[in-house]
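Q: Numbering that gives the first Met the number 0 numbers the first residue of the sequence shown as 0 and each following residue consecutively.
Hints should not be assumed to be uniformly reliable.
[Unchecked claim] Distance ranges between label pairs, derived from CB positions:
1) Gly168 / Glu59: 18 to 28 angstroms
2) Lys210 / Tyr237: 14 to 24 angstroms
3) His228 / Gly67: 17 to 27 angstroms
[Stated by the list, open to error] Distance condition first, Cα-Cα at most 25 angstroms in a straight line; then the derived DSS-like pairs of lysine-lysine:
4) Lys99 / Lys123
5) Lys99 / Lys116
6) Lys123 / Lys177
7) Lys99 / Lys62
8) Lys86 / Lys52
To be clear, the hints were calculated from the coordinates, so they are not data collected in a lab. All figures in this text were calculated on a predicted structure; none of them were measured in a lab. We treat Cβ as the ideally placed atom computed from N, Cα and C, and that holds for glycine.
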Amino acid sequence: MVDFHSHILYAVDDGSESFEMSVSMVELSLREGVTVMALTPHHVPGQFEVDPKEYEEKFERLKQHFEGRMELVPAMEIMVEPHLLEKLQSGRLFGYNRSKTLLVEFDLLDYPLYSEKLFYDLRKLGYQVILAHPERNRMLRNDPEKVYHLIDLGVLCQLNAGSLQGHFGEKTRVFAEKLIEKNLIHAVGSDGHNDTSRNTRIRYAYDRIHKLNPQLHTFLLESGPSLIHGEVPEILDYLPWEEHSPVKKNKSWLSKLWK
0 MVDFHSHILY AVDDGSESFE MSVSMVELSL REGVTVMALT PHHVPGQFEV DPKEYEEKFE
60 RLKQHFEGRM ELVPAMEIMV EPHLLEKLQS GRLFGYNRSK TLLVEFDLLD YPLYSEKLFY
120 DLRKLGYQVI LAHPERNRML RNDPEKVYHL IDLGVLCQLN AGSLQGHFGE KTRVFAEKLI
180 EKNLIHAVGS DGHNDTSRNT RIRYAYDRIH KLNPQLHTFL LESGPSLIHG EVPEILDYLP
240 WEEHSPVKKN KSWLSKLWK
């Protein structure tokens, strides 16, 4: 199993507080059956902005500690903001394994008006966007068609394991299961922040996905190792949100231009 989202890079954001806690978090992931794990500290302007040198030093320490036991992959969880493209081009931000496959997040209460244009521009430049925990975003829960729009623009979606256990509320859990049933999820992450209340458990999520949508479960297991290294798979066709009704394709000028 692959964990696309964790905060085990210690003392850089609201995740792991120490090297020892990070070790505990990875040990739990090993017991869960995870073989590849991404370190995705927050990049939130003015709040969390890890120094590249500090990132490299702490990443290498953890990588060496788990050499031969767990493959650790460098990445970031990047907040969507108007100047994201310029910051990527400056070299301070990077995707999975330093590729152009990016993990990004929205504010949980927001769906920025400029985001579709931003994602279109990123794709033109060869970037692959993966949106973290769409099931937790209130705007997407209230209007699931937005998820279809994003996928039509080439965006992939990463589910949080804890969402399926109700850690973020019943509405989030129900929405997460519906996303799974409709083939709208393309990666899974623990989003682990510590070794207690928000840990790195992930097996339950993969097991639940297998029960809800065996085809998607197979896709996730087969595509995960290559996607986390920047190789984008051919995704499953999504299904309409409501039965007996066609999926409404994105009719924005962005979608038309891309097609």
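Q: With respect to the beta-carbon atoms only, verify the hint that Gly168 and Glu59 lie 18 to 28 angstroms apart.
A: violated (38 angstroms)
Q: Assess, step by step, whether the Cα of Lys86 is no farther than 25 angstroms from the Cα of Lys52, and give holds or violated.
A: At roughly 17 angstroms apart (the allowed maximum being 25 angstroms), Lys52 and Lys86 satisfy the hint.
Q: With a cut-off of 25 angstroms on the C-alpha distance, tell me whether Lys99 and Lys116 pass.
A: With a Cα-Cα distance of about 18 angstroms, the restraint between Lys99 and Lys116 holds, given a limit of 25 angstroms.
Q: Could one say that the CB atoms of His228 and Gly67 fall in the range 17 to 27 angstroms?
A: holds (18 angstroms)
Q: Does the Cβ distance between Lys210 and Tyr237 fall inside 14 to 24 angstroms?
A: About 19 angstroms separates the Cβ atoms of Lys210 and Tyr237, which means 14 to 24 angstroms holds.
Q: Is the Cα-Cα distance between Lys99 and Lys62 25 angstroms or less?
A: holds (21 angstroms)
Q: Lys123 and Lys177: Cα distance at most 25 angstroms?
A: Violated. Lys123 to Lys177 sits at ~30 angstroms, over the 25 angstroms cutoff.
Q: Would you check the hint for Lys99 and Lys123, treating anything up to 25 angstroms between C-alpha atoms as holding?
A: It holds: about 12 angstroms lies between the C-alpha atoms, which stays within 25 angstroms.
Violated hints, listed in ascending order, are 1, 6; each of the other numbered hints is respected by the structure.
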